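Each chain is listed here by its residues.
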Amino acid sequence: MTPPQLLTSASVLIVAGKGGVGKTTVAAALAVAASAAGLRVLIVDVEGRASMPAAFGTDPLTYEERALVDAASDHAGVYARTVTPDDALLDYLNERGLQRLSRRLVSTGLLDVIATAIPGIKDILVLGKVKQIERSGLFDLVIVDAPAAGHAITFLRSASGLLDAVGGGPINAQAQEVQNLLTDSDRCRVLLVTIPEETPVNELIETAYNLEDRVGVALGPVIINGVHPDLPGLHDDPETAADQAGVALVAGEAEALSSAAEFRLARTAVQQEQLDRLANELPLPQLRLPDLFTSTLGRAEVDVLAAALSEQFIADDARGRR
Amino acid sequence: MSLSEVVASSRVVVCCGSGGVGKTTTAALVALHAAREGRRSVVVTIDPARRLANALGLDHLSDQASVIPGPWPGEMHALMLDTKATFDGLVQRYAADRTQAERILTNRFYANISGSLSGTQEYMASERLYELAIEDDYDLVVVDTPPSRNALDFIDSPQRLARFLDHRIYKVLINPSKGPIRAVNLAAAAVTRSLAKVVGADVIGDAIEFFRAFDGMEEGFARRADRVDALMRESTTSFILVASPKADTVVEAGYFADRLGELGIDVKGLVVNRMQPAFEFTTDRPELAGIAVRARAETLAGTPLGDLYTALADARQLAAAEEGHLVGIAEQVAPAPVVRVPIQPGEVNDLVALDHLADLILGTVPNG
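Chains B and Y are the protein sequences, given in the same order. Okay, so the first sequence: first residue is 0 according to numbering that gives the first Met the number 0, each after it adds one. Okay, so the second sequence: first residue is 0 according to numbering that gives the first Met the number 0, each after it adds one.
Chain Y extracted, bound-state conformation (with noise of 0.2 Å):
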């Protein structure tokens, strides 16, 4: 199967991969693809590069979805991930009643959570995704994960905000003389003091303010994280793998692999970005076209050929190299199709560059 019969059998794809690995973009052209083969997509972006949001024509760009104009038959929408306005609209849906949402929004440690519990990122981006999958009448949701290092967070990260918000301990500093195990609530109440003794006493206050105001509402955020997890199990959810040919970052998507197999998901695409091209040409002297070049580089080190041939060698020693890291992790997520994007000269930044990327990484549209 390849990518693009990947993207059109698809209703999610979710692009992975570390920081710095041009999954933004990749994110950007599958749903360009989309729109060119007719459908309805939408791309969620995390932190988009200027030069791409300006590409996209997203000098605006919000936390509400914006056409992209462009020549195609379908249409293409993005959005930047704004993961204190989703989390509020969470925290809206699932209070009693405007009261509760009120203590919850103008409490410090609610502040926090968004800002700065880990995860909370990746969570929001799943859950925005959630939302316009099922929510929205989108055929296709493309969605840039955050670049964590921890790759499993997009995943698991509504699983564990609900435990989060659902910890035992947290019943413990609401009311430390209740329930059933009173005597481990009283030792964790001397915990909760001794430490108010070093972090301060109003922090404290904080969290159980927030975690009294929160009582009730940790169901609804656990039914939610399950509904989310099964989206993303679903066949017709698809996760790409994005990388660049060096060796840190395909050890990560190797790392990355593993992971979602033991979650029992399947890779189906890999994207590797900025490949150099080798300039290979085919001689009946095949023994110049591949040492030979370095030797004739050194040999002629200082003349015009010389620095002609560093070019050519240096070009081939990178490819060689790229390669040599694509072995294992090719072979890690088989069958799913290896895609390798050559680094583009200049920048992509308008439209008619992602284009072109998007021919390379996807295809050309059938009869378009």
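In isolation and in its complexed conformation, chain B is listed as follows (with noise of 0.2 Å):
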């Protein structure tokens, strides 16, 4: 089968979104649907969280990559690892002979001078290393789980408030590649993960706005985690549905049935504010995954949400072909 349009489109994907909204979620679902249309996937994980392996059930991660989904008929494989500032430091260091200076950055405690001297460089240091990933060519995507939202922007901007601050040297031009990698959306998108309330939407629209003005780079479809599958029949009278239906309610049953359903309508009516508000105030395609009402994210889950993209991905797709 031909992989969708969007993962495609840009050989590193950036998912990126306030803390809570599901963001590891969500990347994990895309490697799961991208991997099921036959590319070769790589997560790299920038903060070594737990919750990524656990999505997959294995062992935290580490700077070796691992197979989360290995390759096999129905799938070329997901492949995750972490990039951390640290070792993304020291592997910048040892690769230009530089292992006794690492070493004394390290025992010295000037890592954290040189940290504070240069803001951002730590950033630099991991999305050079993505970019050295992605040059590689030894996988079809990589999707980057970023940091969480505020430091989303600081993350991305890295590179070119550096290029303002150090005049010339090698982090001089490490950050010039990293600005070509962030502003190429032939190679670069960044997806912007929400759920349909108030303050996370806000958030994400002020967030869209600073990257794409102040960092340049290009905006994928929004993500949209957590959004509640219509149920038509909650409008309707528990007493009258079970007659209907020829089911007898007990006792206090039609009053449970009733507060869910208000309960929910209310929920739901915040939602469709929210999506509505969303459309209206940030022109980007929506995908939409839908609440699963669990608060546990595992392997199983990953793969309804994955599904559900893939559906999204092959609509899309048809419609662009028309």
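In short, the hints are calculated from the structure, not lab data. Note that the structure is a prediction, hence the values are computed from the model and not measured. Take the hints with a grain of salt, since some may be wrong.
[Said to hold, decoys possible] Chain Y residues, not near chain B, derived (Cβ > 10 Å throughout): (1) M0; (2) S1; (3) L89; (4) V90; (5) Q91; (6) A95; (7) T105; (8) E134; (9) G219; (10) D225; (11) P336; (12) D349; (13) H355.
[Stated by the list, open to error] The calculated EDC-like cross-link candidates involving lysine to aspartate or glutamate, where the alpha carbons are at most 20 Å apart (straight line), are: (14) Y/K196 / B/D90; (15) Y/K196 / B/D163; (16) Y/K196 / B/D111; (17) Y/K83 / Y/E217.
Idealized CB from N, CA, C, for every residue including glycine.
Hey, can you piece these two chains together into the complex? The hints should help.
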């Protein structure tokens, strides 16, 4: 099968969003959908968190890549690794024959001074490593699970900021290469994730404009996580609905059903308001993922969300061809 | 002890937890509750969501405390942490004279410290807390901690910054040929030179200039850090964990409780925001109240009654999963009270909604 257009539009997809919106879940689902569509995928975790390996039931990620989904007839494979600033710095110096310097930096505490003297240097090193992985051509798609929203802007602005601050030298060259990657829409897109609630939507809109205007990155579709599936029957009275279905309700049941319906409708109304507002204020396509009404993220949940994404990709591509 | 009793016996309340769990709102509610009980409270927020700020009447929220008008016998104040202004204030306080302060405040490396040195925001939050608790006459200071991954940052950040400013390496940077460990210093100076080749000499120059200007002030910072540390350990300082009932935020809350425990600090309360109600009902046929709800939703799928059962089954499924996550953390923080706050159907964006939430979390005002 031909992989969907979104997944082949760029070789690096950076997934960013405020804490608590399920950014890691979305990155995992995207990776599984891409692998199922025939792409060999690498997930890069920049913070070394526990939630990504938990989603696949594996041990914590390390600087060495590991398979989360093995390559098989129906999967091209999902691999994952961390790229943390300290490891990236040591890599950077070692590749330039400066092992002794790198050891000293760590042992003297000078590393903190450098990081303070050049804000953003850690982010440049991380993104530089991502660029190197992209250039290696070992993967069809690199998915970066970015830091939480406020930090995502700092993270992605690090290169342009550093170009202003540091005049020349190797670090400047590194920043330039990172900036080239970020601003080339054929190589890199940023996918912003949110949930349909007021504060996360506000932050997403702000982040989107910030990233476009101040970093110059290309934004892919907005991914909205946790959208309630439509249940039209919630407007019906439980007693009447039970009579129609020939079901007898026990004491208190009708009341519980109508309280649950009322609560759900109120939450869904808030969601709809925010989805509409997002569509009005941010002219980007939307991908919607269903609320699974579970607070645990495991492989089963990731697969359901990956399937939901694949369906929307297929629908979008069909529209695109018409 | 209930959470409102904890707050009543505290002079400082620190709200900790990961980002996006309603920490700022909870901090505001604790301050509001104190004002309702006739106390003079102030809440230090880090980055309030716009609607919460508006709800508090804080369009012009600044580094200086402003009064939140409301129908309570006490007083509620709020301010937003300005990391740089707070740091500037500390520099001015500990500088020997105006010239030294100026040299530091205009240094490029110094400007980066307030923006990028990890822990600076945490440090300034605890510094501001100290100023308000000790130097101003508030009955209660509530502070909302930054949403940093390392929950400990808030507590040990003053010490960490003091260490940063007093590191042996800076003395080396300032004067490589002096001191009892000259050989080590010379080696370090060689490192500095190679480094300058990689990152640029002007960058290193700024850093050296900063530490030269800072010379002599690090002691003042270290003493201050000790006093802030002591305040954190007072019996009238209460740490309240804030979480949402999701697996990952509960794990982070547990980690934070562990770390506090290692520091000899007890968690005084756990607030779990945004809990899903289960819509339980009592029936003489209990088998119908549990799993049967999902089975019915599936059998009746596509009919109005099926939709109604689906909403109930979804609510119960989520509520049960959430309760499951809380078992371990509740035992861990015991005997601290665990307050479950049901998710509000609408947005919390005005004083009426805040007032209602304060009732839910802290109980209504006695005789009020």
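Open item on the list: Given the hinted pair Y/K196 and B/D163, is their Cα-Cα distance within 20 Å?
Closed with: Answer holds: Y/K196 to B/D163 is near 18 Å, not above 20 Å.
Task: Non-interface claim for Y/D349 versus chain B (Cβ beyond 10 Å) - done: holds (13 Å)
- [ ] Grab the minimum beta-carbon distance between Y/T105 and chain B and tell me whether it stays above 10 Å.
- [x] holds (16 Å)
Task: Interface-negative label, Y/L89 against chain B, beta-carbon threshold 10 Å - done: Since the minimum Cβ distance to chain B is about 17 Å, Y/L89 lies beyond 10 Å and the statement holds.
Open item on the list: Minimum C-beta separation from Y/E134 to chain B exceeding 10 Å: can you confirm that?
Closed with: holds (29 Å)
Open item on the list: Would the non-interface assignment of Y/G219 survive a Cβ cutoff of 10 Å against chain B?
Closed with: Holds, since 20 Å exceeds 10 Å.
Open item on the list: Given the hinted pair Y/K196 and B/D90, is their Cα-Cα distance within 20 Å?
Closed with: Answer holds: Y/K196 to B/D90 is near 17 Å, not above 20 Å.
Open item on the list: Check whether the Cα positions of Y/K83 and Y/E217 lie no farther apart than 20 Å.
Closed with: At roughly 18 Å apart (the allowed maximum being 20 Å), Y/E217 and Y/K83 satisfy the hint.
TODO: Decide if the proposed pair is consistent with the structure: Y/K196 and B/D111, CA atoms, cutoff 20 Å inclusive.
DONE: Status holds; Cα separation ~18 Å.
Task: Reported absence of Y/H355 from the contact zone with chain B (all CB gaps over 10 Å) - done: holds (15 Å)
Open item on the list: Verify this label for me: Y/M0 is non-interface relative to chain B, using a Cβ-Cβ cutoff of 10 Å.
Closed with: holds (28 Å)
TODO: Taking the shortest Cβ-to-Cβ distance between Y/D225 and chain B, state whether it exceeds 10 Å.
DONE: Correct as stated: the minimum Cβ-Cβ distance to chain B is 21 Å, above 10 Å.
When held up to the earlier numbered hints, the structure conflicts with none and fits them all.
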